[in-house]
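Each chain, letter by letter, is given below.
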Amino acid sequence: SAVISQKPSRDICQRGTSLTIQCQVDSQVTMMFWYRQQPGQSLTLIATANQGSEATYESGFVIDKFPISRPNLTFSTLTVSNMSPEDSSIYLCSVTNQETQYFGPGTRLLVL
Amino acid sequence: EDQVTQSPEALRLQEGESSSLNCSYTVSGLRGLFWYRQDPGKGPEFLFTLYSAGEEKEKERLKATLTKKESFLHITAPKPEDSATYLCAVQDNAGNNRKLIWGLGTSLAVNP
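From first to last, the protein sequence lines are chains D and B. First residue of the first sequence: 1, per my numbering; consecutive thereafter. First residue of the second sequence: 113, per my numbering; consecutive thereafter.
Chain D with its partners taken away, still in its complex shape:
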C-alpha cells in the first residue's frame, strides 16, 4: 500500500481566489491522480500527474483552471484557480501501487 497525506484538510475560500492543495506520498510512485468528489456524485478524475512531463487532463478539465505540478516522485500539487461556488467539493489525491489505487484523506473545499 501507500501512505498519502494532503494539505490542507479543509478550507473555506472566497470566489475569485485560488487554492493550492499538496499531496505527499511515503514512497516513490510513477503515477499520481487528482480526483474531485462532489456531493451525490461519483469520483471524477481531473488529471494524471506524471513526473517530468505535463499532466494529462480529462475531458471537461483544463490546465488554466486546475494547474498541476509534479516536481518529484513523491509530491504533487493541484491548484483550483479563480474559484466559484461550483468548485466546492472534496479533492482527492491518489497513487497507483501494484495495479491498485490508494487515496489520500482528501481536501474539503467550500467556496463562498
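It should be emphasised that the hints constitute simulated quantities derived from the structure, not laboratory data. Just so it is clear, the structure is predicted and the values come from calculations on it, not from any experiment. Any given hint might turn out to be false.
One-sided excerpt, in silico: chain D residues whose CB lies under 7 Å from chain B [as the list claims (entries may be wrong)]: (1) P39; (2) S42; (3) L45; (4) L92; (5) T100; (6) Y102; (7) F103; (8) P105; (9) G106; (10) L109.
Here are a few chain D residues that sit away from chain B, every Cβ distance over 12 Å (derived from the structure) [to be verified]: (11) I12; (12) E54; (13) F66; (14) R70; (15) S84; (16) E86; (17) D87.
Think of the CB as a built atom: it goes at the ideal place given N, C-alpha and C, for glycine as much as any other residue.
The hints should help you fit chain B onto chain D, whose structure is shown.
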C-alpha cells in the same frame, strides 16, 4: 461506453443481518474490478481487487465475488462499524489507459 451501476443506493441493516451489495458493470474488456470503503470526510479505503469471473476474496465479514456482468459484496453478520459508503470501480484493459470508472456507491448503515 464503460459504465458502473451500484445498487441499492442506500441500505439499512440491523446488527447481525447479512446482506449483499451489487455492482453491475459494462466494459469492453475487464482489467480489474475494485471495491473501496469510504467513511464520511475521508478518502476511499481499498478493500478488494477481482480480475476474472468466478474469483472470490474475503476480509473479515466481507466477501467479494465476480461474474462477467456484476460483482457482489456480501456482508455477513455486520456490525455498526461496517457503516460506510461502499464504492465499486472498474478498469478497462484497452490500451494503456489506467482510468477507473466509478459507481455512485451504496451507503450502508448498520444499527446496533
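Verification of the supplied hints:
Hint status for P39(D): violated, given a least beta-carbon distance of 11 Å to chain B, over 7 Å. Here the hint on S42(D) is kept, as its CB sits about 4 Å from the closest CB of chain B, short of 7 Å. Interface restraint check for L45(D): the shortest CB-CB distance to chain B comes to about 6 Å, inside 7 Å, so the restraint holds. Look at L92(D): its Cβ gets to within about 5 Å of chain B, closer than 7 Å, so that hint holds up.
Hint status for T100(D): holds, given a least beta-carbon distance of 6 Å to chain B, under 7 Å. Of the supplied interface hints, the one on Y102(D) holds, with its beta-carbon coming within about 6 Å of a beta-carbon of chain B, less than 7 Å. Taken as an interface hint, F103(D) checks out: its beta carbon lies about 4 Å from the nearest beta carbon of chain B, inside 7 Å. Given the 7 Å rule on beta carbons, the hint for P105(D) holds: about 5 Å separates it from the nearest Cβ of chain B.
At a threshold of 7 Å, the smallest CB-CB gap from G106(D) to chain B is about 5 Å, leaving the interface hint in force. Checking L109(D) against chain B by beta carbon gives a least distance of about 13 Å; that is not within 7 Å, so the hint is violated. Every beta carbon of chain B lies more than 12 Å from that of I12(D), the smallest distance being close to 15 Å; the non-interface claim holds. Separation of E54(D) from chain B is adequate, the least Cβ-Cβ distance of about 17 Å exceeding the 12 Å criterion.
Every Cβ of chain B is farther than 12 Å from the Cβ of F66(D); the closest lies at roughly 16 Å, confirming the non-interface assignment. Against the 12 Å criterion, R70(D) stays outside the reach of chain B, whose nearest CB is about 16 Å from its own CB. At roughly 23 Å from the closest C-beta of chain B, the C-beta of S84(D) stays outside 12 Å, upholding its exclusion from the interface. For E86(D), the non-interface assignment is confirmed: its Cβ lies about 19 Å from the closest Cβ of chain B, beyond the 12 Å cut-off.
Annotated as non-interface, D87(D) keeps its C-beta farther than 12 Å from every C-beta of chain B; the closest such distance is 18 Å.
Checked against the numbered hints above, the structure breaks hints 1, 10 and satisfies the rest.
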